Structure formats: C-alpha cells, structure tokens
Amino acid sequence: MKNYFHEIGLWPSADGIARAYVIGFILSLALTLIAYELVVQATFTQQTIIIVVALLALVQFGVQVRFFLHLGGERSSRERLAILGAAILIVGILISGSLWIMFSLNSRMMPDSEQMQDYMNAQLGF
Amino acid sequence: MNWQEFIFGRLSWSVLPQNAIAWGGAIFMIACILILVGVITSFGAWRWLWREWLTSLDPKKIGVMYLIVAGVMLVRGGTDALLLRTQQATSVGNSFGILSATHFQEIFSAHGSIMIFFVAMGLMFGLINLVLPLQIGSRDVAFPFLNSLSFWLFCAGAALINCSLLLGDFSTAGWLAYPPLSELVYSPTTGVDYWIWSLQIGGLGSLLSGVNFLVTIVKMRVKGMTWMRLPVFSWSVLGSMSLVVFAFPILTVTLTLLYLDRTAGMHFFTAGGGGNMMMYVNLIWAWGHPEVYILILPAFGVFSEIVPVFSSKKLAGYTSMVYAIWGIVGLSFLVWLHHFFTMGAGSDVNAFFGIMTAVIAVPTGVKIFNWLFTMYRGRIRFTSPMLWFIGFVILFTLGGVAGVVMAEPPADYELHNSLFLVAHFHTMIVSGVLFGYFAGLTYWFPKFFGFTLDEKWGKRAFWFWFLGFILAFGPLYLLGLEGATRRLDHYSAALGWQPLFAVAGVGAGMIAIGFCCQMAQIVASFRKRHENRVGNDPWGGRTLEWATSSPPPSYNFAQLPLVHARDAFWASKHSGVPLEGQFEDFSMPKNTGAGIIIAGFIFLLGFAAVWHLWWLLVLGFLGAVVTLLIHAFNDDTEHLVTASEVMHLEAGLRRTPSTI
Amino acid sequence: MTDHQHTDVTLSHEDRAADSTTLFGFWTYLMTDLVLFASLFAVFAVLRGPQFGGASIQNIFSLPFVLFETIVLLTSSFACGLALLAAREGKVKGTIFWLCTTFVLGALFVGMEVHEFAGLVAQGLGPSQSGFLSAYFTLVGTHGLHVTIGLLWLIVLIVAILKRGFSRGNMRKLALFAIFWHFLDIIWIFIFIIVYLTGSL
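Chains as they are written, first to last, in our numbering: chain A, 339 to 464; chain B, 560 to 1219; chain C, 10 to 210.
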C-alpha cells in the first residue's frame, strides 16, 4: 500500500514527508530548549519571559501541526484545518472567558488581603 | 476494608425505597419491565428482537428505538412534574403536601435531568437518525457501528438513572448539582453519584453522535448537493452537532472533577482546601448554555421543513436562515455567564455577557420572521404539524422576550431563580424543543411507517398541550414577578399564591391529557393503518426523503439521487427531470451486537462507580475494552449488495403493497 | 512474511472515501479531546492562584527532569513519523523497529511521570492535599492516561502488523495512531510551558 497515507489524505503529497518530519523535530527541539534556557537563565523580567515563552509555545504548536500533522498545505487537509481552527477559537473563548470571569469573581467574592486592601482604597476610605 | 465492604460497596438493605410514593415508582417500573419481558417471551420474539432491532445498524431502526426510549422517559419526567405541581398546589400554610422536602428535591432534580438528557436529547437524536441520511441522499451515517454504540450508551445512562428508583436515592441538588451541596459533605449518599454517572455515560453517547452526524453531513452528501443546496433541517443538525462536539467535553471534565472530589478526596470545588465552587458553576454553564441551543436548533430545522410544505411556498430567506444558524452557534459560546449574573462578577463582566445575550435573540428573530414571511400569501393547510408550529411561534416569542428581560443584569438580580425564570425556560423547551419534535414526528411518521398518524387525536393532543401549557406556566410568570422562588416545597398561606399554583396544577393535568391523546393517537393510527396508507409523498414534500418509498428500503435509495438544485425533490417533480441516478453495487453494514454489549459493560461500570464496587468497575471496563478490540479486528462487517439484487428488490416492492 | 510488502495496489474509490472519512472522524474526536484538555487547563489556571506565573506555587518538580521528559516524548513523536515512513516503503522490520522505539520512549515518559507522582505522594503532596495539587495531578495525569492508552494501542498495533502485515485495516489503524500520538505531544507542549516553565518563574 505504497501510497495509502497520501490517498486517504493524511500526507499532502507522496514525497517530502521525511524532510518534513526531520525539520519539525529539529525546530521543536530548538524551540523547547530556547524556552527552557530563557526560564532557567532568568535574565529578563518575568513579564517578558512569560510573553516570549508563550509565543515560543504557539510557534512550536504551529511547527508540529504543519510538520508532524501535515496540516496547512493541501486541499485534502482543508476540512481538518477548518475544524482545528474552530476548536482553537472555542478553546480561546473558554479559557480567556473563564479566566476573566473567575478573576472578577475571585477578587469580589473571595479576595485575598491585598485585593481587599485595593478594594477598600478604591472605595475612597470606606 | 473487610470482604463485605469490598464485594457490596455501599449496597445494603437500607437502600431500598423508604416511603410509599417511592415504592410506588419502583414497583411500577419493575412491573413494566416484567410485563415487557413477558410479552416478548410469549410471542417468542427474543431472536427476532435481537436480530432485527437490538443489533441493527440501520439508522432508521436506531431512530425508532431512540424515540421509544425518549417516550418512556417522558412518562417518568412527566410523572415527576405532576408530583411537583401537586405538591406546590397543596403544600400551603399548615398542610405540607404529599412529599417530604427531601423527596421533593430529589423529584425536581430527576425531572430536569431526565427531561433534558433523555427526553429532549432522545427525541432529537431519534429524528436525526431517521431523517438526516435520507435528506442528504446517503444510505447511512458515516460510522454505523458508532451510531449503535451511541444509542446503547444513551440507554445505559437512562437505565442507570432509573436504578435510583429502586436502589438508593437520587440527587437533591437540582439538574446541575452545584457544589457545595453536591459535594460529599452535604450529599453523602449515592444520589449525586447516580446523577454524575448517568449523565457521563449518556453524555459520551451524545458526544460520539455529535462526531458521527457532523462527519456524515460534511462527507456523505450525495453528489450535486453542494452546501447551499442542503436542506435547512440538515444545516440545523450540522450547527447543533458542532455545538455538541465542542461543548460536551466540558461536561465530561466537570462531572469527572466532581466525582474525584466526592470519591478521591480532591479539592476542585470543595468549600475548603483551596477549592473554588464558582468554577464549577462557570464550567457547567459553559457546557449548559450551548446544550440548550443543541436542543433547539434541530427543532427550528423541523419548522423550516414543515412551514414551506404546509404553506405550499418555498422557504423565505434560505441564505439568511443558514447564516442565522451559524450566528446562533457562534454566539451560544459567548453568553454563558447570564446563568449566574448574581454570583458576584463585576459589572464589566456582567455587561458584556448581558449584551451578548440580547444579541443572540436577533438570529432567532430572523428565523421567526422568515417562517412568517413563508406563510404570507401561501396556501396554508392547518394540519397538526402546522398547529404545533403556530403554537410555537406564539409561545416561543413571548417566552423569548421574557428571556431578553432577564438578559439585563439589573433585572436579573430580581428575577434570577424565581418562577419567572422557570416559566421562561420551560416555555423555550416545551414550545420550542417539544412542539418542534412533536411536529417533526407527525410530519415524518408516514415516511417511516407507511401510514399517517390519526389527525383527530393529533389535533386534540395539540390543543391540550397548548392550552395546558398556558395554564401551567402563565401563573408561574406572575408568581415569579411576585417574588416566588423556584424549588419551593412549601409556602406561607399569607402570600396568597395558592390559587395561581392551583391553576398551574390544572394546566399540568391538561398537558398530561395531551400526552394521553398522543398515546391514543398512536393506537388509533395503528388500528387504521390500512385506510391511512400513503405513498412516497403524502404532504407534497420538497426534500429528498420524500423521493423514497414509505417506508424506505433498508438501503434508503435503490439509485442514489442526482441533485441539481435546492429542494431537489420539488425541483425534480416540477421540472420533469428524473431524480434517480444509476443502479450500482454498494456495501451495507452487517448487524453487530458489539454496541449493546459494550454499553452493557459500561452500565456495569457506572453502577459500580456509584456503589463503590471497585471489582465490578474493573470488570465492566475490561469487558468493554475487550469487546471493542474484538470488534475493531473483525473484518467481516459489511455485505455487498449488487446492482442486480437491488433491481430485483425494487421490482418486487412495486408488485406487492407494503405490509406492516 | 517477507520483509518487503510492496503492494502497489491502490485503494478503490469507495475504500479511499471510507478511510479518509474515518480519518476526518477521528480528527474530529481529537478536537473534542482538545476542548477536554482546555477545560482542565482552565481549572488548573484558576486553582493555582489568581496570578498567571504564580509565585505562590510551591516548586514540586525538578525542571531538568521535566525537560528530559519533554525531549523523550518529542523524540517518540518523531519515531512514530519514521514508522509511518517505513510502512510506506512496505518495510515490516523497519516499521516494527520504529514503533517499538516509539513505545519504549513513550513508556519511559510515563514511567518518569509515575515516578514524579509517587514521589509527591510520598512527601504528602498528593492530589487530595489542595485544590492546586488536585488540578495538577488531574491535568498532567489525564495526559499521562492518554499516553498510556496510546501505548496499549501501540502493542495491539505491533502485534497486528506482525500477524497481518500492511493490510488496509492495519494501515488505517497506523494512520489514526500517528495523529493521536502527535496530538498528545502537542498537548504536552502546553503542559510543559503553562504548568512547568511558567510555574518555575
């Protein structure tokens, strides 16, 4: 079944797959190590590190989706890419919405002492 | 742990029912089961039942089975409702009604859980199984075995929730079981565990169905049926299944975390130990809101089929109907906080979700206007499906604007958890989901059984449901505005609420009569089936299912249709261009018992999880896995139907009239 | 069973449609798994403290250890790709070799995780100790459970290929396994970053 994976749409073309896997592996390894080093070295502010590391995660996500899952090139993977896009959208809404909601609820219903202080100050000397 | 605890877990003699009404329910259920088993045995029909129905992968048969189970669960959920109404009409002042407070809480929790998960979802999946493959010109769904498994998992969930009638109690925490009430400290018995596992198992069935029907619509439309030629019912199913696929995993997680809290001592939602109960409410509604749109979208789709046919006019605004579906799908993930405006989030959060909630009313409004425009200047036939639609339009619009009132957080602070809310969501679900699926059942019944349902009883059923609903829930809107909260098992006579509750009780009784009319309708229809026999197109339909015989052959289409336009069957009727393609060979799936067997093992797993019978849990799990592996490596799952066989079958069908 | 299984027979149109439909269906199921993990991530984010990058998290893990786990799983994902490449060439031996490599690395990953969990429980930091620990064990544990199921699937697959070679059914199962395995490595990226790296700051 030489062309099975291509015929069912798993691989976009009959060749170039080996190269894709090798590139994907090397890039993922590099992105992982860079993120690790950034955290361990801690030469930047926490804020910066978090943002850069988050970006590196997203890039690695893209790398693995493209080079391991072979999505993004061809027509044969269009449906799977579309449903991945929808899932990412829903996940984004679910996580950001939940964090926004829970942060708001927690600070108002279960405040820690710092938040309580902020609230009291905001009430102008309540 | 001694050997008795190991073998019997939490089971003991004291878990049998504790009062007369509870015993009544248990005995009635056991009697029904025994009678059913007795009848089947006396007809010697076990072999036939196994071969023709229980192991069938034909979605038409699976659909009928879903409808039967949903109907049975409607009896249970409806009985719960009558008990609740009786309690609220009589438990005033010095009288405490017929139910203890605890029993009342168990009943309203069971009522909601059963109606949503087993009645509404069951009716929906039943209709989709029957109609969808035919409408898209396909012979089957994408994954026939998975379809069977989904149905039997649905049954396993229903069976588990019914076990609680006999063994143990049920949850008292409402249909969504908020912590801390649902945590072990305040609900130490098996009640909440029954709730968790029957929903978890039924939910798994729903999730698999979601995947199945989504893939079916994407991949198995007949050639020529481009996206914008898809019937609106099929579009609505695609929208609903997209919601299933993305929302149900949230429920799976939330139920699991609650179970871990209760059984493994974890602290996700506990009052102490770093838990956060509000996160439960957040997650359960992140699922819960899409769930109600999952239920309503196919019902809207049913109306989009019925209104054009009985107005003799094509659907107004097809494109806007499609966009409205996707608008609803997208927005339904952006409104979930409106179920807990009062939990304490800031006004920025509340305002955002309040606005989104108001916005989501718009696409539904688009749909209602399109249906009305379709009726305008049409030649309307007031058959019972059309009556269900008209009842829907009136009630759903009124209930819907009640919802928009509550979408404003300041108003919601007054109305949250009042009877106004209860009246609103019942209006949505009864006049929307139930009326929609009742209309669909009446409309499509002749297709699958070859004869129409008795119209006289159908109309009587409608009027009892419609007027009964107004009497049952109209007072609840008023009571809510007067400050009555939900789930009250007793109230003071000085409030003066009893007359309204009494009217509501009468309304509930009328609805019960309406249901009896539906049962009478089925009996009368079977009796008169030879007079009411119909051909393939009893209503003047527009979509592909009306091109097949009534009932269709197991393979749906002898020749797959050639589609060139929207409303393909109508187009073919009026252009004279024939619909049928070539005769060709095709494969049909063979029957298999793997679905019912795996679900049986999962039922044991669920039962074991509730009663802490860990040995049974392992057995159930292993049994399911082994059966699944055997099925996965079974290569003999299809049989070939050759073109000449089909030609012979079709010729045979034309010569002899179909008999049931 | 010869080492080279070269059937240049292409699939019939119906078989190709059916198998690509199965691929799409399984992918759709993986998307539901994505939402499942997202819910677990949301719970973790809420229960570990109000701050993202929480200084309030105790250091309960060794970052080098987790880095090693990450590289092991990544290599396992790569090995799985190589197994598919060998299967494409019809090489039974090569495919089995790379599938076994995938298995060994995956098992090593699970073993390391179990070791980590056992260590925490021994210290009295089990999942029932706090909301944070409940969330940590459940998120990481659910991923580990998926990997374990994958390992069991892999055993079944290896046996199936040894018995029946590159039949259509086995090729299909191999394809589904591969996207499952790659998907799990993708989820791990996020666990590594969100749970471990940002937790170390």
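In case anyone wonders, no lab produced these hints; they're calculated from the structure. Here the structure is a predicted model, which means the values were calculated and not measured. Treat each hint with caution, since some may be false.
Facing chain C, from chain A, some residues (calculated, C-beta under 7 Å) [stated by the list, open to error]:
1. G347
2. L348
3. P350
4. G354
5. F363
6. V390
7. V391
8. E417
9. R418
10. V429
Dumping the calculated DSS-like pairs for lysine-lysine here, alpha-carbon to alpha-carbon at most 25 Å [what the hints assert, rightly or not]:
11. B:K1018 <-> B:K778
12. B:K1087 <-> B:K1015
13. A:K340 <-> C:K182
14. A:K340 <-> C:K172
15. B:K1087 <-> B:K619
16. B:K873 <-> B:K1132
17. B:K1149 <-> C:K102
18. B:K1018 <-> B:K872
19. B:K619 <-> B:K1149
20. C:K102 <-> A:K340
21. C:K182 <-> C:K102
22. B:K872 <-> B:K619
23. C:K172 <-> C:K182
24. A:K340 <-> C:K100
25. C:K182 <-> C:K100
26. B:K782 <-> B:K1087
27. B:K873 <-> B:K782
28. C:K100 <-> B:K778
C-beta atoms are modelled at their ideal positions from N, C-alpha and C, and glycine is treated no differently.
Q: Taking the numbered hints from earlier one at a time, note which ones the structure violates and give those numbers from smallest to largest.
A: Violated: hints 3, 4, 6, 11, 17, 22, 26, 28.
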